[in-house]
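Asker: Start from chain A and add chain B according to the hints.
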Amino acid sequence: MPDPILALKAGLAALGAAAILLLLGGALWRRPRPGLSSAVAALAVGAGLVLGWRVFGLWPHWPPHEDLDRFVCLLMPTAILIELIAAIPRLPRWLLRLSVAVGAGPGPDSPGWQLREKIAIFAGLALALAGNWAALNTLARRTSDQAVSYLLILCCAATAIVLMMSGYATGGPLGLPLAGALAGILLTSLVLPRRLNVTGAIGVGIVGLFGLIVIGYYFNELTAAHSLALFFAPLLGWLPELPGVRRINPRIRAVASVLLVTLPLMFVASRAWEEFKAKAAPSGSPDEITADDYK
Amino acid sequence: MRKGSFVTAAIVLLSAFASTARADDYTIDAMHGGVTFRVSHLDLSNVYGRFNTVSGSFTIDGANSSFNMAIKADSVDTGNKGRDDHLRGGDFFNAKQFSQITFKSTAVKPVEGGLEVTGDFTMHGVTKPITFTLKGGKVAEMKGKRTGYSTELVLKRSTWGMDKFTQMIGDDVQVAISIEGVSK
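Chain order of the listed sequences is A and B. Count the first sequence with our numbering and you get residues 1 to 295, in order. Count the second sequence with our numbering and you get residues 1 to 184, in order.
One or more of the hints may lead you astray.
[Said to hold, decoys possible] Short, incomplete list of chain B residues facing chain A, as computed with Cβ under 10 Å: (1) Ala63; (2) Asp91; (3) Asn94; (4) Ala95; (5) Lys96; (6) Ser99.
Read the hints as simulated data drawn from the structure, not as lab findings. All C-beta atoms in this analysis are idealised placements derived from N, C-alpha and C, irrespective of residue type, glycine included.
Here chain A stands alone, though its shape is the one from the complex (with noise of 0.2 Å):
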């Protein structure tokens, strides 16, 4: 497992690297486009995530040689540039957007499966992350996206610890940078005088998360149940908004909102932990005999 300083360390120096470029975004615009506001973000999001994969002494192989240097040198700064032009107006955002979703899958030498299968697999992915990006996008447009960004940031420091725990001690860091990266634009924009569209930092939080789970799942011991639970856990979010319910009080829901996403990936990650320590215990002779045996 990895210094827990360090990666306080890491997570606070991307939340440093993200809050200081938005703020300094907003710093120069008086009255802040949605487009452009959202474009820095996730900018600021980069920014954030390299400070922060660079504290944590994170470097990938170039040209991308393993799922990890695909996930740092591609995926991620595909996610950042699909956000700088979505925002340019009158452009077909989601189909740039699908198009980062059909190429989060595994890599190109992925585990020895046909070319149906491969196709399947990827669609069944693309579709998975597609509609959870719309989903928590039309959410954020009902509550806020400063309430979206919050049940990023849970959900990829779960990942993060998660993807440790199940055996990946240099992947699963990844995740601590992106959540402080996320926490990083969610202050900043809170702090901010004007209500700051930041959609953009919203998609890479997602296809971060995506990214993340996909190593854990595909090419380390993720288990499908967790990774299942980690990446639909913020759609959780949504309940609270359901016909019906949306008479409640806004803070009530608020809270509830945080609560449903919570307890499922705290649930997650006591598992995890769980397993871990049962996989960390010396082996010894199924024969042995032990205080059980007496009872």
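Answerer: For chain B alone, coordinates are given in the frame of chain A:
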């Protein structure tokens, strides 16, 4: 002219016959032999491990000898499930992506007591040339003609892109290989 052609053809035929008669093809007997390794932990102790699934074949024919070997990366076994899962994952072998470790010889030179073998060693998706000396070559009979070779070599794992945790777990890995082949 015709006499010359006949002599040339005879020489070619004879040398081809002699060559096939000398070459011995063997299949690696996974039951006897193995690939083991040791690597330092914090520069304090050594952790020992092995690969449980090794296969391949070789041909012994002097300088025309050749060796092919394949190891399943996920068969790594250090006697601790948690550590083995970690070794199979992205921090080390990334065995789901790079399932095979292979060696294919490109040149063999007979030396005293064995063979100096040069070839392409692929691990973690990276191929680099290595050279080592195989000692052995005695022949025995047990359910067919058998021969065997052994070697020990040091591999710097970062050369093959396996460069995580090199402060904690040694970059230099001492590898011991012993193979026994059964004549095909």
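Asker: Taking 10 Å as the limit, does the beta-carbon of Lys96 (chain B) come near enough to a beta-carbon in chain A?
Answerer: holds, 5 Å
Asker: Classify the hint on Asn94 (chain B) as holds or violated, based on whether any CB of chain A lies nearer than 10 Å to its CB.
Answerer: holds, 5 Å
Asker: Min Cβ distance, Asp91 (chain B) to chain A: is it shorter than 10 Å?
Answerer: At 5 Å from the nearest chain A Cβ, Asp91 (chain B) passes the 10 Å test, so the hint holds.
Asker: Quick check on the hint: Ser99 (chain B) CB to chain A CB, less than 10 Å?
Answerer: holds, 7 Å
Asker: How about Ala95 (chain B): closest beta carbon in chain A under 10 Å, or not?
Answerer: holds, 9 Å
Asker: Would the stated hint for Ala63 (chain B) survive a check requiring a Cβ distance to chain A of less than 10 Å?
Answerer: Cβ of Ala63 (chain B) sits 35 Å from chain A, so the hint is violated.
Hint 1 from the list above is the single one not met by this structure.
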